[in-house]
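Q: Protein chains in written order, with my numbering: chain C, 25 to 135; chain S, 2 to 119.
It should be emphasised that the hints constitute simulated quantities derived from the structure, not laboratory data. Each hint should be verified, as a subset may be incorrect.
Claimed, not checked - Heads up, incomplete: computed chain S residues facing chain C, CB under 8 Å, no partners named:
{"no.": "1", "residue": "Ser17"}
{"no.": "2", "residue": "Ala19"}
{"no.": "3", "residue": "Gln42"}
{"no.": "4", "residue": "Gly43"}
{"no.": "5", "residue": "Asp57"}
{"no.": "6", "residue": "Asn106"}
{"no.": "7", "residue": "Glu107"}
{"no.": "8", "residue": "Gln108"}
{"no.": "9", "residue": "Phe110"}
{"no.": "10", "residue": "Gly111"}
Stated by the list, open to error - Keeping only pairs whose Cα atoms sit at most 20 Å apart, straight-line, the calculated DMTMM-like set for lysine to aspartate or glutamate is:
{"no.": "11", "chain 1": "C", "residue 1": "Lys93", "chain 2": "C", "residue 2": "Glu39"}
{"no.": "12", "chain 1": "C", "residue 1": "Lys122", "chain 2": "S", "residue 2": "Glu69"}
{"no.": "13", "chain 1": "C", "residue 1": "Lys122", "chain 2": "S", "residue 2": "Glu45"}
{"no.": "14", "chain 1": "S", "residue 1": "Lys79", "chain 2": "S", "residue 2": "Glu107"}
{"no.": "15", "chain 1": "C", "residue 1": "Lys80", "chain 2": "S", "residue 2": "Glu107"}
{"no.": "16", "chain 1": "S", "residue 1": "Lys72", "chain 2": "S", "residue 2": "Asp52"}
{"no.": "17", "chain 1": "C", "residue 1": "Lys50", "chain 2": "S", "residue 2": "Glu45"}
{"no.": "18", "chain 1": "S", "residue 1": "Lys16", "chain 2": "S", "residue 2": "Asp87"}
{"no.": "19", "chain 1": "S", "residue 1": "Lys63", "chain 2": "S", "residue 2": "Asp87"}
{"no.": "20", "chain 1": "C", "residue 1": "Lys122", "chain 2": "S", "residue 2": "Glu53"}
{"no.": "21", "chain 1": "S", "residue 1": "Lys79", "chain 2": "S", "residue 2": "Asp25"}
{"no.": "22", "chain 1": "C", "residue 1": "Lys122", "chain 2": "C", "residue 2": "Glu29"}
{"no.": "23", "chain 1": "S", "residue 1": "Lys12", "chain 2": "S", "residue 2": "Asp25"}
{"no.": "24", "chain 1": "S", "residue 1": "Lys79", "chain 2": "S", "residue 2": "Glu15"}
{"no.": "25", "chain 1": "C", "residue 1": "Lys80", "chain 2": "C", "residue 2": "Asp90"}
{"no.": "26", "chain 1": "C", "residue 1": "Lys122", "chain 2": "S", "residue 2": "Glu107"}
{"no.": "27", "chain 1": "C", "residue 1": "Lys122", "chain 2": "S", "residue 2": "Glu15"}
{"no.": "28", "chain 1": "S", "residue 1": "Lys79", "chain 2": "S", "residue 2": "Asp57"}
{"no.": "29", "chain 1": "C", "residue 1": "Lys50", "chain 2": "C", "residue 2": "Glu29"}
{"no.": "30", "chain 1": "S", "residue 1": "Lys16", "chain 2": "S", "residue 2": "Asp64"}
{"no.": "31", "chain 1": "C", "residue 1": "Lys122", "chain 2": "S", "residue 2": "Asp58"}
{"no.": "32", "chain 1": "C", "residue 1": "Lys122", "chain 2": "S", "residue 2": "Asp57"}
What the hints assert, rightly or not - Simulated restraints on C-beta separations:
{"no.": "33", "chain 1": "S", "residue 1": "Asp64", "chain 2": "C", "residue 2": "Arg65", "range": "26 to 36 Å"}
{"no.": "34", "chain 1": "S", "residue 1": "Arg65", "chain 2": "C", "residue 2": "Glu79", "range": "42 to 52 Å"}
{"no.": "35", "chain 1": "S", "residue 1": "Glu107", "chain 2": "C", "residue 2": "Ser52", "range": "19 to 29 Å"}
Glycine included, C-beta positions come from ideal geometry on N, C-alpha and C.
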Amino acid sequence: SQQGEEDPQALSIQEGENATMNCSYKTSINNLQWYRQNSGRGLVHLILIRSNEREKHSGRLRVTLDTSKKSSSLLITASRAADTASYFCASLSGGYNKLIFGAGTRLAVHP
Amino acid sequence: EAEVAQSPRYKITEKSQAVAFWCDPISGHATLYWYRQILGQGPELLVQFQDESVVDDSQLPKDRFSAERLKGVDSTLKIQPAELGDSAMYLCASSLAPLGGSIYNEQFFGPGTRLTVL
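All chains should be built: construct the whole structure from the sequences, respecting the hints.
A: Put into structure tokens, the structure is as follows:
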């Protein structure tokens with residue numbers, strides 16, 4: 025399989041807690057992105073981090089990238105029930121805008 | 002706000018039948034992608050078009066799958082004959098244009114077509 029790996033596969037937390045998801049990829053990348061997918065729906069782009077960046081913030085999202093370990097993490101702070109979804113990392117490499125997705129982390133945030 | 006349109010949203014078919022999915026990308030987006038997402042997994046690229054030309058179909062099972070984008074706008078993905086293992090979500094995405102190096106054009110995804118093969 026071309027897909028990277030994410031852990032944990034599933035995460036269950038209470039509202040207000042932080043959620044951390046990890047992603048590993050296999051090849052050198054141009055950038056790495058995180059997407060959210062609500063049950064049975066399409067994917068929504070959350071944040072992009074370039075290969076020369078180590079950390080990036082967007083609202084309650086914090087993404088880190090370690091190219092030496094071929095890994096990334098997504099932190100969602102002060103989680104809300106509306107954050108319940110599957111989260112996927114996707115690595116971009118090559119010249120044709122090709123994304124390689126991980127298997128995803130299913131996040132459940134309980135009120 | 003412009004969106005990628007897909008139809009149908011749901012399709013149930015029997016194995017050995019033919020099915021077709023349609024995608025209308027965001028206006029002006031030259032690149033169109035079809036992904037397959039098996040339940041519990043991430044999307045996997047099946048085929049990528051730049052305008053009307055295929056630039057990557059390395060993961061497309063060409064014995065039964067075909068895709069076209071005749072006028073470089075909307076696209077159709079066909080499966081004939083469908084097999085039980087084809088049950089999945091089929092996602093279409095579009096972006097302005099692919100560029101090399103570190104320049105990236107965000108991919109926008111449609112809502113998907115959920116296929117069930119009985």
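Q: Against which earlier hints does the structure fall short, listed by number upward?
A: 1, 2, 11, 14, 27
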